[in-house]
Structure formats: structure tokens, C-alpha cells
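**Q** Chains A and U, in that order, are what the protein sequence lines are.
With my numbering, letter number 1 in the first sequence gets 562, and the count goes up by one each step, no holes.
With my numbering, letter number 35 in the second sequence gets 16, and the count goes up by one each step, no holes.
Worth flagging that the hints you see were computed from the coordinates, not collected in a lab.
Where a beta carbon is used, it is the ideal one built from N, C-alpha and C, also for glycine.
Don't take every hint at face value.
Once the Cα atoms are required to be at most 27 Å apart in a straight line, the calculated BS3-like pairs of lysine-lysine come out as [said to hold, decoys possible]:
no.	chain 1	residue 1	chain 2	residue 2
1	A	602	U	7
2	A	602	U	51
3	U	50	U	7
Computed Cβ-Cβ distance ranges for the label pairs, DEER-style [said to hold, decoys possible]:
no.	chain 1	residue 1	chain 2	residue 2	range
4	U	39	A	671	19 to 27 Å
5	U	47	A	576	47 to 55 Å
6	U	21	A	646	21 to 29 Å
7	U	-2	A	624	40 to 48 Å
8	A	647	U	47	21 to 29 Å
9	A	621	U	50	25 to 33 Å
10	U	88	A	588	28 to 36 Å
11	U	62	A	647	33 to 41 Å
Part of the chain U face toward chain A, derived, beta carbon under 8 Å [claimed, not checked]:
no.	residue
12	22
13	23
14	26
15	27
16	30
17	40
18	80
19	81
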Amino acid sequence: GAVVSQHPSWVICKSGTSVKIECRSLDFQATTMFWYRQFPKQSLMLMATSNEGSKATYEQGVEKDKFLINHASLTLSTLTVTSAHPEDSSFYICSASSHDSNKNIQYFGAGTRLSVL
Amino acid sequence: SQQGEEDPQALSIQEGENATMNCSYKTSINNLQWYRQNSGRGLVHLILIRSNEREKHSGRLRVTLDTSKKSSSLLITASRAADTASYFCATSDKLIFGTGTRLQVFP
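Input sequences plus hints: build the corresponding full structure.
**A** Right under this line is the structure:
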């Protein structure tokens, strides 16, 4: 099956620093990648959708200057949490889909747990 | 607001029993999907059912869809301890996830 690798799996940082999370599709070309945020025992909340080579589309209430998304290639998207604060602590999950595979099925990374001190 | 709402929120059963989870959604859909999430991990796609389908099977999984009631159910037969996870439904192109059902299967 399609594999999506997300790195790092866990990061602790100081308040005010920036953190970059990578999402890679290992065995397929991801035309679209998604970034989600999940709080404990809650559902996934879609933050943004990115298509390769174009600007990401952010969901309402998500600050695009705070959460920078880059999808420069068909196998890599990055999410940078800029000037992180404790309230940004959460579980961030990426997913990828491809027009070549079953449409609408998303393949998920294992997630990144961010803790901001 | 979220599109899908699963119930129950939590379910505990013994190995070998069947587990049924329900999902209700608000707007019309092209398809509905079920995903599974182990604690602290990403999601794994289980099954997709299209709006013109009423029932679908995959191994021990059985999914039904009732578009008139805007609801779907996921049945896991002969459950195993390894089925312990959270299960989410999600709808259509831009996956909007429900709140999930936390399933605990005791050996």
C-alpha cells in the first residue's frame, strides 16, 4: 500500500522558536497533501490543503502566517509552525492523496507530537 | 462544525463479540469512508462506500450506508484485541472527520 512518512514523530521546543514538520510520500506521487491537527481524544481538524506547486488553501480560522505550508515537489510537503507557543502544542498529522490512486482515499503519516514549553 | 458524528463515543467489548459503530452526517455526500487510528498514530483507511452503494464488505468489516437517513454503520465481526483503536468516519472530497468511536476489545 501507499506509504507516507512524517518526520519528526515527536518534538519539544521552546516558546518563540519555529518547528518544521516534513511529510513524504514514499512510493507514489502525491498531487495533494493535507495537514491536520488533533487534540487529545478529539477528532482531526483539517488545517490546510496543498497541491504541488501552488499555494496552500487554509481552513477558516487557521493563520497562514503562523502555519507555513510548502509543497514544492510531488513527494514532499512541509509544515512550519512559526514562533510556536504552548497553545500550539498538539498532534499534527499529514496525509497524501494521488489522482492515480483511488480518488479521495488519503494515506496518513504517523503524526508529529509537538510540545512547546 | 464537524460533518460526521459517530456514536457511541466509546465501546468496550470482549474478544469474539461484534462491534457496531454508527456515523451520522449533515450534508449530501459522494462517498463515505471509515478510518482507524491507533493511539498516538496516524489514520489507516479501512473502507470506502459510495453514495449509490448500500452495503460493502471487507474481511471482518461490514459497512452500510443509508443516504435517506444520512447515516452509516461499521460492523466489526469476531473482534480481536488488536482491533482496539479509535474509528472515524469521513465524508466526500475534503475529508471532514467525525468525533470518533473509541473501541476497546478485552482479551
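**Q** Against each hint, give a clear statement of whether it holds in the structure.
**A** Here is what the structure says about each hint:
1. The hinted pair formed by residue 602 of chain A and residue 7 of chain U meets the criterion: a straight-line CA distance of about 22 Å does not exceed 27 Å.
2. Distance restraint check for residue 602 of chain A and residue 51 of chain U: the Cα-Cα separation of roughly 24 Å lies within the 27 Å cut-off, and the hinted pair is therefore satisfied.
3. For the proposed pair residue 50 of chain U and residue 7 of chain U, the alpha carbon gap of about 10 Å is at most 27 Å, so the pair holds.
4. About 23 Å separates the C-beta atoms of residue 39 of chain U and residue 671 of chain A, a value consistent with the hinted range of 19 to 27 Å.
5. One distance hint, 47 to 55 Å for the beta-carbon pair residue 47 of chain U and residue 576 of chain A, holds here, with the actual separation near 48 Å.
6. At roughly 22 Å, the beta carbons of residue 21 of chain U and residue 646 of chain A sit within the given window of 21 to 29 Å.
7. A C-beta distance of roughly 45 Å is found between residue -2 of chain U and residue 624 of chain A, which places it inside the suggested range of 40 to 48 Å.
8. Evaluation of the 21 to 29 Å hint for residue 647 of chain A and residue 47 of chain U yields a failure: the beta carbon distance comes to about 43 Å.
9. Here the CB-CB span from residue 621 of chain A to residue 50 of chain U is close to 28 Å, well matched to the stated 25 to 33 Å.
10. Between residue 88 of chain U and residue 588 of chain A the C-beta distance comes to about 34 Å, which sits within the given range of 28 to 36 Å.
11. A C-beta distance of roughly 36 Å is found between residue 62 of chain U and residue 647 of chain A, which places it inside the suggested range of 33 to 41 Å.
12. For residue 22 of chain U, the interface hint holds, since its Cβ comes within 8 Å of a Cβ in chain A; the closest pair sits about 5 Å apart.
13. A hinted interface residue such as residue 23 of chain U counts as satisfied when its beta carbon comes closer than 8 Å to some beta carbon of chain A; here the least separation is about 4 Å, so the hint holds.
14. Here the hint on residue 26 of chain U is kept, as its CB sits about 5 Å from the closest CB of chain A, short of 8 Å.
15. Taking 8 Å as the C-beta contact cut-off toward chain A, the hint placing residue 27 of chain U at the interface is violated, the least distance being around 10 Å.
16. Because the smallest distance between the Cβ of residue 30 of chain U and any Cβ of chain A comes to about 12 Å, over 8 Å, the interface hint for this residue is violated.
17. Here the hint on residue 40 of chain U is broken, as its CB sits about 15 Å from the closest CB of chain A, past 8 Å.
18. Checking residue 80 of chain U against chain A: minimum C-beta separation of about 5 Å stays under 8 Å; hint holds.
19. Because the beta carbon of residue 81 of chain U sits about 6 Å from the nearest beta carbon in chain A, less than 8 Å, this interface hint is met.
Going through the hint list in order, the structure does not satisfy hints 8, 15, 16, 17.
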